[in-house]
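Each chain, written out:
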Amino acid sequence: MNKRAFLAGLALAVAAGIGTLFWLGHREHDVAPVSSIVRPDESIQLVERGRYLARLGNCMGCHTEPGGAPYAGGRALPTPFGTFYGPNLTPDPEHGLGRWSAEDFWRALHHGKAPDGRLLYPAFPYPSYRYVSREDADALYAYLRSLPAVAKPDRDHDLAFPYDQRWLVAVWRAFYFRPTEREAAVAGQSEEWLRGRYLVEGLAHCAECHTPRNRLGAMVPEAGLAGSLIGGQSWYAPPLTGDRKTGLGEWTRQDIVDLLKTGISRHSHAAGPMAEAVHQGFQYASDADLDAMAAYLKSLPAAGTDTAALSAAAPASLMELGGKLYEQHCAQCHGADGKGQPPAWPPLAGNLSVVAVAPDNAIHMVLSGGFAPSTAGNPQPHGMPPFAQALGDQDVAAVVTYIRQSWGNQASAVSLPEVRRVREAVR
Amino acid sequence: MPFVLHKYKLLWGLAAMALAAPLAAQQSGKLEPNTMAARMAACTACHGSQGRAGPDGYYPRIAGKPADYLYNQLVYFRSGQRQYRPMQNLLEHMSDDYLRQIAEWFSGQHPPYADPSPSRLPAAVLDRGRQLVMEGDPRRGVPACVACHGASLTGVLPAVPALVGLPHDYISSQFGAWTNGLRKAIEPDCMADIARRMTPEDVSAVAGWLSSQPVRSATPSSGLPAPPPMECGSQMRVEVRQ
Numbered sequence: 005m006n007k008r009a010f011l012a013g014l015a016l017a018v019a020a021g022i023g024t025l026f027w028l029g030h031r032e033h034d035v036a037p038v039s040s041i042v043r044p045d046e047s048i049q050l051v052e053r054g055r056y057l058a059r060l061g062n063c064m065g066c067h068t069e070p071g072g073a074p075y076a077g078g079r080a081l082p083t084p085f086g087t088f089y090g091p092n093l094t095p096d097p098e099h100g101l102g103r104w105s106a107e108d109f110w111r112a113l114h115h116g117k118a119p120d121g122r123l124l125y126p127a128f129p130y131p132s133y134r135y136v137s138r139e140d141a142d143a144l145y146a147y148l149r150s151l152p153a154v155a156k157p158d159r160d161h162d163l164a165f166p167y168d169q170r171w172l173v174a175v176w177r178a179f180y181f182r183p184t185e186r187e188a189a190v191a192g193q194s195e196e197w198l199r200g201r202y203l204v205e206g207l208a209h210c211a212e213c214h215t216p217r218n219r220l221g222a223m224v225p226e227a228g229l230a231g232s233l234i235g236g237q238s239w240y241a242p243p244l245t246g247d248r249k250t251g252l253g254e255w256t257r258q259d260i261v262d263l264l265k266t267g268i269s270r271h272s273h274a275a276g277p278m279a280e281a282v283h284q285g286f287q288y289a290s291d292a293d294l295d296a297m298a299a300y301l302k303s304l305p306a307a308g309t310d311t312a313a314l315s316a317a318a319p320a321s322l323m324e325l326g327g328k329l330y331e332q333h334c335a336q337c338h339g340a341d342g343k344g345q346p347p348a349w350p351p352l353a354g355n356l357s358v359v360a361v362a363p364d365n366a367i368h369m370v371l372s373g374g375f376a377p378s379t380a381g382n383p384q385p386h387g388m389p390p391f392a393q394a395l396g397d398q399d400v401a402a403v404v405t406y407i408r409q410s411w412g413n414q415a416s417a418v419s420l421p422e423v424r425r426v427r428e429a430v431r
Numbered sequence: 008m009p010f011v012l013h014k015y016k017l018l019w020g021l022a023a024m025a026l027a028a029p030l031a032a033q034q035s036g037k038l039e040p041n042t043m044a045a046r047m048a049a050c051t052a053c054h055g056s057q058g059r060a061g062p063d064g065y066y067p068r069i070a071g072k073p074a075d076y077l078y079n080q081l082v083y084f085r086s087g088q089r090q091y092r093p094m095q096n097l098l099e100h101m102s103d104d105y106l107r108q109i110a111e112w113f114s115g116q117h118p119p120y121a122d123p124s125p126s127r128l129p130a131a132v133l134d135r136g137r138q139l140v141m142e143g144d145p146r147r148g149v150p151a152c153v154a155c156h157g158a159s160l161t162g163v164l165p166a167v168p169a170l171v172g173l174p175h176d177y178i179s180s181q182f183g184a185w186t187n188g189l190r191k192a193i194e195p196d197c198m199a200d201i202a203r204r205m206t207p208e209d210v211s212a213v214a215g216w217l218s219s220q221p222v223r224s225a226t227p228s229s230g231l232p233a234p235p236p237m238e239c240g241s242q243m244r245v246e247v248r249q
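Just so you know, the sequences run in chain order A and B.
Add 4 to the 1-based position in the first sequence for this note's numbering, that's all there is to it.
Add 7 to the 1-based position in the second sequence for this note's numbering, that's all there is to it.
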């Protein structure tokens with residue numbers, strides 16, 4: 005009898021636990037829903053506003069594959085959990101958003117749910133987009149409705165077990181997602197700062213790359229924009245905090261605006277995913293919005309990343325080999341003093357990508373080379389040659405160690421496994 | 008964090024390794040910033056100074072090729088229609104305007120040609136190669152190379168490339184890429200159709216004969232004496248654009 009009562013109690017407790025998780029994973033905040041209030045005479049302006057916002061947020065980054073129809077989906081997003089494929093956002097009724105209402109679209113951005121209630125994977129960055137206002141969501145919706153419909157079916161995500169079990173998203177959300185209507189109120193901040201925070205934390209979704217994540221891929225909000233490896237891509241998003249060596253401490257507002265607008269600044273160039281964000285997005289943003297973002301970023305305090313990145317000196321033999329290779333392959337453009345010749349050739353002394361706690365970006369650039377994005381402000385960027393075939397792993401480790409420990413740079417020496425990890429990813 | 012590796016990424020890596028012999032960044036003289044020669048250092052590291060061809064027998068000459076041909080290839084690399092990871096990495100964030108300027112700059116370069124390396128293929132095979140280039144293989148529906156690429160094989164404006172001055176390995180690997188869909192042009196994709204009609208022996212014979220021809224000048228012809236035997240999407244696109 006006792007055993008029976010115990011089992012019944014246990015079953016009840018388990019059911020209650022599951023019920024709580026389900027509720028936490030599916031809850032929405034209890035503010036009365038705002039309905040779309042668009043007058044027809046506003047619709048053209050709304051579409052233009054939406055076009056602007058879609059660029060600023062680089063929606064194409066996931067929703068357009070290279071050479072594919074705009075916003076018709078298919079772009080691969082590699083992550084530590086598998087590869088996601090951005091869905092079709094064109095108004096095709098079968099394969100796109102043709103049957104979605106403005107309300108449905110808002111719910112997806114804000115609550116991370118499809119119209120049928122299905123929970124969306126947070127690879128779609130709704131933990132950031134939850135801050136996007138209803139007005140901006142409506143503008144994005146209007147813009148997407150104005151695109152030509154493309155009958156292209158979505159490609160299924162290619163995820164490892166257990167991440168392919170969509171119902172588990174409810175559990176993830178129960179722990180890591182809080183539906184919120186807007187960011188916390190702060191007293192005494194300017195309109196500009198508030199606008200900057202709204203863009204940085206919302207549509208521009210900077211935190212999705214620049215905030216560290218835990219093992220289950222959830223951002224660690226208390227860490228702030230302190231820099232993070234971008235899982236699955238072998239790129240490191242540097243700190244945007246006020247740290248002097250590894251963050252934006254020595255950058256002026258104008259330096260930040262320059263990088264976002266043109267892809268280059270006097271400190272460093274945009275590369276990898278940031279080059280894409282500039283090329284497809286930020287170069288089209290208004291100076292006022294970029295300046296607001298810079299104002300907000302410049303207000304962030306240091307996060308202690310300088311100390312974390314500081315490292316002991318590398319073995320002399322490694323530095324000697326690195327120095328020789330640098331002289332042979334790099335010094336012509338970047339200079340024996342590491343100062344480069346900006347804007348053509350970026351400095352390596354004090355370059356955020358060079359002194360970062362993770363050496364991935366510097367290794368990546370040495371292996372793959374690359375151009376800064378071509379933008380209206382820098383239409384003909386200079387190219388860095390790829391050295392993946394000319395230099396072996398040991399040489400790459402040596403030359404990257406050399407640039408990380410010369411001219412006042414004091415970042416860690418590079419190991420062979422670190423080079424191999426990036427080489428695997430760039431193939 | 009674990010890194011996810013695509014199957015095709017691995018294959019691509021292997022293919023790139025197999026094709027790409029070690030290269031040495033060879034620049035002539037000091038680069039002056041804000042010149043096209045300096046901007047293009049990422050290209051000339053493999054394709055040689057001014058795009059004259061790499062020293063390793065794989066990277067093709069791009070100097071002097073018709074600008075529309077080069078522009079098409081840059082666009083195809085960027086979109087992945089022509090798959091070669093190192094090129095795609097470099098071109099990812101480039102505007103159409105800059106790609107056009109790059110194509111025009113390389114098209115305007117005319118560095119001297121290196122002497123061709125004599126082919127190691129038997130004379131009978133090279134003779135078969137010459138026959139295919141000059142006459143094609145009507146039984147298989149393979150047109151003569153000269154019918155589109157010009158009687159001197161130096162290309163035809165606006166967008167047909169020269170076939171002389173290219174390394175054997177580069178030519179034969181392009182036929183492989185057309186056959187298995189790694190190099191695609193706008194439909195109708197004439198070269199893919201032709202490549203699928205040819206045997207591996209024929210490809211080798213053509214590559215051997217073409218790569219062993221000496222080149223004195225490779226100025227593209229301004230036009231063909233007769234209409235081309237096949238329709239090619241990449242040529243029609245150029246005509247539409249003009």
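You may find that some hints are simply not true.
[What the hints assert, rightly or not] Label pairs and their in silico Cβ distance ranges:
hint : chain 1 : residue 1 : chain 2 : residue 2 : range
1    : A       : G396      : B       : N41       : 41 to 49 Å
2    : A       : P225      : B       : M43       : 40 to 48 Å
3    : A       : P225      : B       : E111      : 45 to 53 Å
4    : A       : R103      : B       : N41       : 46 to 54 Å
5    : A       : A380      : B       : G188      : 32 to 40 Å
Treat the hints as calculated values from the structure; they're not laboratory data.
Every residue, glycine too, gets a C-beta built ideally from N, C-alpha and C.
Hint check:
no.: 1; hint: A/G396 <-> B/N41: 41 to 49 Å; verdict: violated, 33 Å
no.: 2; hint: A/P225 <-> B/M43: 40 to 48 Å; verdict: holds, 47 Å
no.: 3; hint: A/P225 <-> B/E111: 45 to 53 Å; verdict: holds, 50 Å
no.: 4; hint: A/R103 <-> B/N41: 46 to 54 Å; verdict: holds, 52 Å
no.: 5; hint: A/A380 <-> B/G188: 32 to 40 Å; verdict: holds, 36 Å
Of the numbered hints given earlier, the model fails hint 1 alone.
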